[in-house]
Amino acid sequence: MSRTTAAIVGPGNIGTDLLVKLLRSDAIEVHSMVGVDPASDGLARARELGVRASAGGVDWLLAQDDLPDLVFEATSAKAHLANAPRYAAAGIQAIDLTPAAAGPFVCPPVNLDTLADAPNLNMITCGGQATIPIVHAVSSVVPVAYAEIVASIASRSAGPGTRANIDEFTQTTARAIERVGGAERGKAIIILNPVDPPMIMRDTVFCAIPADADTEAIAASVHAMVERVATYVPGYTLRAEPQFDGPRDIWNDRARVAVFLEVKGNGDYLPPWAGNLDIMTAAAASVGERLAPGRKATA
Amino acid sequence: MSEPIRITDSTLRDGSHAMAHRFTEEQVRSVVHALDSAGVEVIEVSHGDGLGGSSFNYGFSLEDEIKLIGAAVDEAAQAEIAVLLLPGLGTVEDLRHAHGAGASVARIATHCTEADVSAQHFAAARALGMETVGFLMLSHRVGPDELAAQARIMVDAGAQCVYVVDSAGAMVLGDAQARVAALVKEVGAEAQVGFHGHQNLSLGVANSVLAVQNGARQIDGALCALGAGAGNAPTEIVAATFERMGITTGVDIQGVMAAAQDIVQPFLPRLPFADRSAITQGYAGVYSSFLLHAERAAERYGVPAHAILQKVGEAGYVGGQEDMIIDVALQLAAERDASPAAR
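Residue numbers (my numbering), protein chains in the order written: chain A, 1 to 299; chain B, 1 to 343.
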């Protein structure tokens, strides 16, 4: 039986962590790890794991006789925007872990089923992957006029790309809270905390809900969603029961639910506190796995 | 001490915390008018957590801050209107809106170890032609040399002044001047150095004096100390003390004293005061604006505010992590309910 094949472009921390996850997958066969720097540690690690690795970039990848079915892009938004049309022309479906947002936003437990045929899928942001499932869990019970998320991550898990363009995180996540999470209006906040030992990723989701909302139904929906996310991110847990506060005039007479989450990484390549990076690679791997059977059926 | 020291008044920004972000346009106009008439050169107006701070996590503003900034600009005859922006919360788009409303000084604030998240905001502010100030929050958490290295990052990104910000009011005598001196040595003539003090250990004014004696050129204050925690170094006391020490500020002492007593004091819900919670913030090094949030969580979950703040300090939470206050209160409530005494 031939499995779906997938290349990883970008042999950095994210690409390497993703590689470890994909090597465990029954549905996906790793095609190759692709970079641009012959001296890259990530390419050397891939070779050590028995994976074909090249510093020849996307030129090398697209020159292969056996093209992969999928490519995971873990480079930069700029690189992905340049590469995306080339993957599309070659008929390779792209799962984009950069902020490029060349394709629609995907959050596996929320909207993957409707996007399986999209040539390019964007993984939003780490904070988006951690919180949008919860916004959706609430908005599937009651209308959510406004949702706000606060993502706290360890300073050491925020790379130079994130730091140089932090507005990209807040704006992209806010848009996805609306489009994918189902809130009328979204807001995202990211905090970098340098405490040592590093803090495990924490996320808080606040949703404005109707004054007479069925709080039991919302809480049940949140619990069910946490279980679904935990199937691909085992360290995704509620810190406490969802907290409900009654309506206030400053909240336009709406009530509020607050959900407190911890995202502990699997420790595959990145340390467990880097839950923000783990949830990206785990969600991307989950997208790849769920696309895989579909591809075989239509092949 | 011949060069004048510039005082920036933050009543309408840091004071927003103490007002639960409920300033009215009328209050803003009257405070700006009084400060402007008293010769204060820079007046900061924003949500307490900076542009875009109106939120569940930090508290919703009663009035849209862009409207308040516009009113302040309209009211000021000579003063520049400054805004605060915390990258990760506020964005360049927010800065453009504030600039469009007439704000001319951009103060970009990061945690004291995370200066590199400010680069795009400094670049945008300079491109807009705004004066720029960097704000290294919770500066007590790192030593002078590490802080100076972070100041260097901000200056290289376009900051024209970098502040040592004692967000927790935690600096005891010696701490502020060592940090100010290290920053002055690092940035030299490339940028000025400033100091922003809080009163949690009642050293805001003393630290401001020591900062100036060590080379700081810009000092923050707030009328009636209106600000987070036990409040800020009071503008009227800083100005009066500086004048007695022969430090020129250009501020009319009678004017700022009148502004504090006749304009601000009448609308205060309570005078800033170093109660047990506020002292705990200074003692445990906790971000001052956590105070009212801890009080609300204390009331909601029946655990003491000072105990919440102590835990928050131990956990090393930084500015912006107000959500963790509820999380800590929930933990304390769970521990209380699980203890034998509660059964």
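Just so you know, these hints were derived from the structure itself, not from any lab.
Incorrect hints may appear among the rest.
To be verified - Derived list of chain A stretches under chain B, where covered just means 3 residues or more per stretch with a C-beta under 8 Å from a C-beta of chain B: (1) 102 to 110; (2) 269 to 277.
As the list claims (entries may be wrong) - If we take Cβ atoms under 7 Å as the criterion, some of the chain A residues that face chain B in the derived model are: (3) S152; (4) I190; (5) I191; (6) I200; (7) S221.
Unchecked claim - The following residues of chain A were derived to be distant from chain B, with all beta-carbon distances above 10 Å: (8) A164; (9) M199; (10) A208.
Note that beta-carbon positions come from the ideal geometry of N, C-alpha and C, so glycine has one too.
Do the hints match the structure? See the list:
Under the rule that three or more residues need a Cβ within less than 8 Å of chain B, the assignment of the stretch 102 to 110 of chain A is violated, with 0 such residues. A count of 0 residues in the stretch 269 to 277 of chain A with a Cβ less than 8 Å from any Cβ of chain B is obtained; the coverage claim is therefore unmet, three being the minimum. For the restraint placing S152 of chain A at the interface with chain B, the shortest Cβ-Cβ distance is roughly 6 Å, inside the 7 Å limit, so the hint holds. The interface hint given for I190 of chain A is met, as the beta carbon of that residue sits about 4 Å from the closest beta carbon of chain B, less than 7 Å.
At about 4 Å, the closest approach between the beta carbon of I191 of chain A and any beta carbon in chain B falls short of 7 Å, and the interface hint on this residue holds. Evaluation of the I200 of chain A hint against chain B yields a violated restraint, the C-beta minimum of about 12 Å exceeding 7 Å. Checking S221 of chain A against chain B by beta carbon gives a least distance of about 19 Å; that is not within 7 Å, so the hint is violated. Taking the minimum C-beta to C-beta distance to chain B, about 6 Å, the non-interface status of A164 of chain A is violated against the 10 Å cut.
Residue-level check failed: M199 of chain A sits 8 Å from the nearest beta carbon of chain B, not beyond 10 Å. Against the 10 Å criterion, A208 of chain A falls within the reach of chain B, whose nearest CB is about 8 Å from its own CB.
Of the numbered hints stated above, those contradicted by the structure are hints 1, 2, 6, 7, 8, 9, 10, listed in ascending order.
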